[in-house]
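Could you build the full structure based on these sequences and the hints that come with them?
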Amino acid sequence: MKLLVIEDDKTTIEYIKKGFVEQGNIVDTAENGPDGLFFATSNSYDLIVLDRMLPKMDGLAVLAAMRAADISTPVIILSALGHVDERIKGLKAGGDDYLAKPFSFQELYIRASILVERHNAPSQVNGPATELTIDNLVMDLVGHKVLRGGKELTIQPKEFQLLRYLLEHQGQVISRTLLFESVWDYHFDPKTNVIDVHVAKLRKKLEENEQPQLIHTVRGAGYVVRTL
Amino acid sequence: MWLERFRVFIRTSIWRFTLIFTLIVILICSSILAVVYQFTVGEQKRQIAQQVTIAAQGFADLSNSSSMTETDFQIAIQQRIDKSGAIILVLRNDDKVIGNLSSLPKNLAQFPQLQHFPIAVVNHLGETTVEIVLGTSLDTGFGSLSIALFDNNYQVLEKNFQTASIVALIFALVITLISGFLLNRRVLSRVKEIGGLTANVKAGRLKSRLPISTKQDEFDMIADQINQMLDEIDDLVNSVAQVTDNVAHDLRTPLSRIRISIEGSLVGLDENSIDAQWRIGLLEEIDQIIDTFNAMLELSRLEKGVQKSAFVPVNIETLCHDVVDLASPLAEEKNQKITLHVKTDDGLALSKVKGEPNLLFRAIFNVVDNAIKYTQESGNISITCHTSAQKVEIIVCDNGPGVAKEHYDAVFRRLYQLDSSRQGDGFGLGLPIVKAIIELHGGSIALSSGHPGLTVTISLDH
Numbered sequence: 000m001k002l003l004v005i006e007d008d009k010t011t012i013e014y015i016k017k018g019f020v021e022q023g024n025i026v027d028t029a030e031n032g033p034d035g036l037f038f039a040t041s042n043s044y045d046l047i048v049l050d051r052m053l054p055k056m057d058g059l060a061v062l063a064a065m066r067a068a069d070i071s072t073p074v075i076i077l078s079a080l081g082h083v084d085e086r087i088k089g090l091k092a093g094g095d096d097y098l099a100k101p102f103s104f105q106e107l108y109i110r111a112s113i114l115v116e117r118h119n120a121p122s123q124v125n126g127p128a129t130e131l132t133i134d135n136l137v138m139d140l141v142g143h144k145v146l147r148g149g150k151e152l153t154i155q156p157k158e159f160q161l162l163r164y165l166l167e168h169q170g171q172v173i174s175r176t177l178l179f180e181s182v183w184d185y186h187f188d189p190k191t192n193v194i195d196v197h198v199a200k201l202r203k204k205l206e207e208n209e210q211p212q213l214i215h216t217v218r219g220a221g222y223v224v225r226t227l
Numbered sequence: 000m001w002l003e004r005f006r007v008f009i010r011t012s013i014w015r016f017t018l019i020f021t022l023i024v025i026l027i028c029s030s031i032l033a034v035v036y037q038f039t040v041g042e043q044k045r046q047i048a049q050q051v052t053i054a055a056q057g058f059a060d061l062s063n064s065s066s067m068t069e070t071d072f073q074i075a076i077q078q079r080i081d082k083s084g085a086i087i088l089v090l091r092n093d094d095k096v097i098g099n100l101s102s103l104p105k106n107l108a109q110f111p112q113l114q115h116f117p118i119a120v121v122n123h124l125g126e127t128t129v130e131i132v133l134g135t136s137l138d139t140g141f142g143s144l145s146i147a148l149f150d151n152n153y154q155v156l157e158k159n160f161q162t163a164s165i166v167a168l169i170f171a172l173v174i175t176l177i178s179g180f181l182l183n184r185r186v187l188s189r190v191k192e193i194g195g196l197t198a199n200v201k202a203g204r205l206k207s208r209l210p211i212s213t214k215q216d217e218f219d220m221i222a223d224q225i226n227q228m229l230d231e232i233d234d235l236v237n238s239v240a241q242v243t244d245n246v247a248h249d250l251r252t253p254l255s256r257i258r259i260s261i262e263g264s265l266v267g268l269d270e271n272s273i274d275a276q277w278r279i280g281l282l283e284e285i286d287q288i289i290d291t292f293n294a295m296l297e298l299s300r301l302e303k304g305v306q307k308s309a310f311v312p313v314n315i316e317t318l319c320h321d322v323v324d325l326a327s328p329l330a331e332e333k334n335q336k337i338t339l340h341v342k343t344d345d346g347l348a349l350s351k352v353k354g355e356p357n358l359l360f361r362a363i364f365n366v367v368d369n370a371i372k373y374t375q376e377s378g379n380i381s382i383t384c385h386t387s388a389q390k391v392e393i394i395v396c397d398n399g400p401g402v403a404k405e406h407y408d409a410v411f412r413r414l415y416q417l418d419s420s421r422q423g424d425g426f427g428l429g430l431p432i433v434k435a436i437i438e439l440h441g442g443s444i445a446l447s448s449g450h451p452g453l454t455v456t457i458s459l460d461h
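Sequences listed follow chains A and B, in order. Numbering of the first sequence is given in numbering that gives the first Met the number 0, commencing with residue 0 and proceeding in unit increments. Numbering of the second sequence is given in numbering that gives the first Met the number 0, commencing with residue 0 and proceeding in unit increments.
It should be emphasised that the hints constitute simulated quantities derived from the structure, not laboratory data. As the structure is a computational prediction, the values presented were derived from the model and not from experiment. Think of the CB as a built atom: it goes at the ideal place given N, C-alpha and C, for glycine as much as any other residue. Take these hints with a grain of salt, some might be off.
[Said to hold, decoys possible] So the derived label-pair ranges between C-beta atoms look like this:
| # | chain 1 | residue 1 | chain 2 | residue 2 | range |
| --- | --- | --- | --- | --- | --- |
| 1 | A | D134 | B | D249 | 46 to 54 Å |
| 2 | A | T40 | B | R204 | 49 to 57 Å |
| 3 | A | K9 | B | S448 | 49 to 57 Å |
| 4 | B | N314 | A | D27 | 38 to 46 Å |
| 5 | A | L146 | B | K390 | 41 to 49 Å |
Here is the structure:
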């Protein structure tokens with residue numbers, strides 16, 4: 000994928016660029032607001048990473064100008080201001096996600112992949128999915144049932160949502176905070192192992208009767224659902 | 000309660016001053032009354048005594064004159080009675096009694112001694128009354144003569160004087176006590192203002208100040224000085240907070256860079272190699288430092304009271320359900336029982352509060368998370384969401400070891416660790432952040448003992 004990173008801190012730019020390039024992506028960079036806006040309007044990108052505080056032109060102003068120019072490219076806002084009202088402001092201005100500094104590259108990468116995938120996904124022709132499957136696991140979204148090897152599992156509503164989110168992003172690493180935000184819809188870092196405990200509980204249910212492991216832990220990053 | 004307030008009231012120096020002042024006023028009044036008495040009632044008394052003495056002396060002289068006969072003496076007595084209605088004269092010689100009184104007390108004082116004694120009088124309406132007269136008895140050659148004078152004026156005067164004195168004294172007493180009471184209350188209310196301020200400051204509300212009236216009295220002078228002192232303290236606290244904020248803020252950037260470098264150096268390493276494990280350990284340590292700095296900065300920001308723009312109606316009941324949903328596996332891990340009770344007073348709708356849902360969720364989750372963390376295995380944690388007409392209360396009870404009462408205030412202080420072995424996430428910033436969030440929403444948080452365990456009560460206004 001092709002990305003544009005608008006960020007004034009050179010270290011951060013290098014860090015983001017290096018990470019994305021290593022994963023086989025193309026990265027353009029801009030170090031101030033007007034340059035960023037110029038790149039964004041003259042080229043086509045899959046994703047834009049935008050710093051909140053930029054010299055010459057504020058990040059939110061760049062975003063507003065981009066959206067006004069009908070550029071619907073997904074935007075992740077980076078900010079040292081990791082506060083709730085800042086987040087809301089950023090999303091209101093047309094941002095798709097918000098990441099507080101300092102962040103781990105893993106987290107940025109996970110979120111970037113999900114945003115790009117969502118943006119590029121062809122609109123559902125056959126209506127919304129009614130079933131998600133992996134291996135011998137079937138998730139019936141209409142009947143709210145989960146079957147593993149034909150056997151129905153008793154699953155709590157939140158566990159259902161957790162599993163659904165992971166299955167919808169099969170093969171993608173999902174961070175703990177992203178899981179928490181998607182399933183509980185609250186935005187803050189709970190700073191405890193609470194998500195791990197939830198995942199462990201779900202995992203135990205899925206692996207009953209010596210079924211093979213589906214949810215895998217990625218150290219320092221999060222979880223991924225895949226068959227071995 | 001009432002008795003205690005009364006005790007406080009009478010213990011004050013102003014009240015003692017009032018009592019002394021009252022005593023002095025009563026003494027002054029009494030001495031003035033005594034002087035007035037001497038010059039009015041006392042004078043009247045002396046005049047009557049003098050009149051009795053003069054009359055008695057006159058009759059004594061008359062009876063002693065050589066030309067006086069018994070008949071003439073009796074005529075003189077009769078003439079005197081006719082002339083004045085106020086005089087009583089009785090001459091008793093053997094069994095014969097002459098005069099305007101049928102009987103006289105025996106043992107009447109002998110002239111020149113005078114004595115008060117009662118007599119029965121029939122007035123013009125035919126009613127019998129008892130009057131006190133002043134008189135004496137005189138031995139003459141014609142028998143024993145009793146002389147007495149009505150002193151109605153004197154009696155009325157004395158009685159009036161007594162009434163007037165009592166009324167005056169009661170007035171003086173009441174006026175001084177009332178003025179003392181009012182004065183006391185005013186002074187006490189000013190003193191209480193100062194007391195309230197010190198309590199506020201002690202509770203961490205450094206922004207409280209004393210009101211200063213336009214009177215510029217001694218209390219205003221004290222208030223002004225206290226306010227100046229508080230301004231100074233507030234400035235110092237702010238500058239210290241500002242410095243720590245700056246340090247936290249400035250250190251975050253280099254820490255982020257270190258983090259970036261370490262994370263970058265992990266690429267291509269086998270995740271399970273010793274080298275990678277060591278680097279991951281470093282990352283976790285750095286993350287913890289960054290988290291602490293972030294928490295400190297966030298706390299300062301919350302305490303400055305911004306973010307109100309993001310307030311929306313929040314359903315606390317749903318929020319509590321979500322918290323329990325999130326926290327229950329943590330409790331399950333420790334075999335603890337976690338329960339949620341929702342109570343709504345009759346006729347009330349949903350428990351909505353204006354606020355920021357993420358912050359409120361975080362505050363309540365933090366309290367529940369603490370309860371789980373510090374309660375032993377197989378303990379109980381109960382969460383009650385109680386909606387009443389004025390407020391929504393979230394009460395989190397556990398039956399863990401609890402917190403000693405003397406630490407109740409301290410646990411809300413930043414970086415305060417109840418027990419040094421409890422180093423963990425948040426580094427003593429969890430509860431201060433909870434408190435800051437609740438106070439940002441205009442609510443309050445209080446700790447109490449759950450006998451055993453700890454009860455945390457969060458209350459938020461509608």
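Comparing the hints with the structure gives:
no. : hint                        : in the structure
1   : D134/A / D249/B: 46 to 54 Å : holds, 50 Å
2   : T40/A / R204/B: 49 to 57 Å  : holds, 51 Å
3   : K9/A / S448/B: 49 to 57 Å   : holds, 56 Å
4   : N314/B / D27/A: 38 to 46 Å  : holds, 45 Å
5   : L146/A / K390/B: 41 to 49 Å : holds, 47 Å
In this structure, every one of the numbered hints holds.
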